[in-house]
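Asker: Produce the complete structure using the sequences and hints provided.
Chains as they are written, first to last, in the working numbering: chain A, 1 to 149; chain B, 150 to 635.
Just so you know, the hints here were simulated from the structure itself, not pulled from any lab data.
There may be inaccurate statements among the hints.
Simulated pairs of lysine-lysine, DSSO-like, Cα-Cα distance not exceeding 30 Å [said to hold, decoys possible]:
no. : chain 1 : residue 1 : chain 2 : residue 2
1   : A       : Lys119    : A       : Lys25
2   : B       : Lys192    : A       : Lys54
3   : B       : Lys192    : A       : Lys119
Sample of chain A residues with no beta-carbon within 10 Å of chain B, all distances over it, derived [unchecked claim]:
no. : residue
4   : Gly29
5   : Pro31
6   : Arg102
7   : Glu131
8   : Pro137
9   : Ile144
With the C-beta cut set under 8 Å, the calculated list includes, among others, these residues of chain B facing chain A [unchecked claim]:
no. : residue
10  : Phe190
11  : Leu255
12  : Ile294
Using N, Cα and C, we set each Cβ at its ideal position, and we do this for glycine too.
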Amino acid sequence: MKTLILGVGNSILTDDGVGIKIAHKLKEGNPELEVTETSEAGIALLDLMAGYDKLIIIDSIRTEKGKPGELYKLGLEALKPAANLSSSHGIDIATAYEIGQRLGYRMPKYISIYAVEIKDNTTFGERCTEEVEARIPFIAEQIIGEEKL
Amino acid sequence: MKKITIDPITRLEGHGKIEIFLNDEGNCDRACLQIPELRGFEKFSEGRAAEEMPRITTMICGVCPTAHHMAATKALDDLWKVEPTTAAKKIRELMYNAFQAEDHILHFFFLGGPDFVVGPQAPAGERNILGVIAKAGMETGGKVIEMRKRMRNVLRIIGGKPVMPTCGLPGGVSKQISEDERKTIIEAGEYGVDFCKFALSLFDDIVLKNKEYVDLITGDVYSHRTYYMGLVDENNKVNFYDGQIRVVDPNGKEFAKFKVQNYLDHIREHVEPWTYVKFSYLKNVGWKGFVDGEESGVFRVAPLARLNASDGMATPLAQEAYDKMYETLGGKPVHSTLVFHWARLVEALYASERVLELAKDPEITSDDIVNLPTETPKEGIGVVEAPRGTLIHHYQTDDQGILTGVNLIVATQNNSAAINMSVEKAAKALIKKGEVPDGILNMIEMAFRAYDPCHACATHSLPGMMPLEVSVYDSGGSLVKKLVRD
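Answerer: So this is what it looks like as structure tokens:
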């Protein structure tokens, strides 16, 4: 099965880049994995995900009562309500996936989306906050276990 | 592992928030758009080598990295006082136009266009690219994707990567274009020109032949008589990559024309206590508040502003489209905010024609691609027209080229006063005697979507889109209604 691991985020915006760091961590442990990073979202993901059987997305998230460093696994349907668009980033993964399917692209049959609860994604900085940084190795292990990588 | 569903409240944190304040009569008194603040870019940059900036600044914004890359590269030319070779300038301009064409088409078909193609009254869930495909046909969707793919390939060929280019150096570019690559770029340019002609004919059929849409476009709700700004070449034609900054007044008369190095003589930033956004205004007119007209220093940038600030387009087909637009709308300047969408298509055609012209230029494959800097750096300023408007990078360094000061004037900031005015005008037109119709959310969104604002672009956290919340307060400051679009 052709699998892509996609780290999504902005690596100079403190915790925003945590998905990219985890994706690199996975690659360190297993150089044969196909890992890509992107700071784009939405429709640009279509170009990246087409042609794979399986896609593992690792991104950041901020929820109301979440604890920084916590890991969530989301289904595509969790992102589904975002049907209306207002910025160039305004196309969610689910819509990008649906567009790909309708246009006849070979889209991944299996998609896992991992989201790491973060603390700060509005301050420029190359390092994550301590709470999030400390969890990276553990989260990488969790994803390896979950996806049997 | 914890499983969650994202609810609208969690999506909203720090994102697009519009606050509307009513007066004693229950009519809109003022409205303001709040957006997240990103902190510390200047501090982050200081102490770094200036030549890192073309690569660092691409990461500020996932939407227009090529614009930041190019503005930064041009600031480095100026910092080291080195003139790029003519081939390097052409290569840069070619890449930049491929980026503009791709970005404009993305916006028209995915973001702004659905309002028209699917219809402003259609349910929110249908006003997206899938709705466009449903109405305009699957073939259209395929063409949009193919157009983007080809232009992104041009960016990859020249820039090294399709998203975050790495080719810009002070005095030139890092890689020449091969003959084989030239052929690919020519094909992309030809595809782009054909596609943009098709997009304009689609606009003609679906929008211009529908009286309801035309009335909406030209109606007063979305109109502001402001100043307009854009880069122009030596013939006052639109240029995205280089030239002088030209400003016209609300009557279309030239108000100022200057080199970017003198921007501080013309552009100032106004600060309001309720937002972190700085509002650009014309220094020589002055800040008079969120009002339009000749007495107010508020100006607009981006597609319609560029067309208004110029005397035309430098390529033949785009010039025809430019003439048609102004003839249809009764001459220059046009003040209707929704016409930004039409202007965006005219510009996409120009950008595609320019890609083709430059790809056919004999010098484009030259190996004379960089002049090495020899001067001691001190201060450098660069400008380009980002898809969303005039973008300025200003750097100061020590004599080793280590940054000591950074100031960026970004496109959305130049439009931010006008965006607030547009939101307020839509709210004033729609809210009467305390009655807040649900449709206001869409009408307000249409106002600011025309500007293609880049507010959510620097953070990428899921779900990767900008939610919107509108809160309405009565004259006593109590919340009377909250509308959420997630």
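Asker: Tell me, in ascending order, the numbers of any earlier hints that this structure violates.
Answerer: 2, 6
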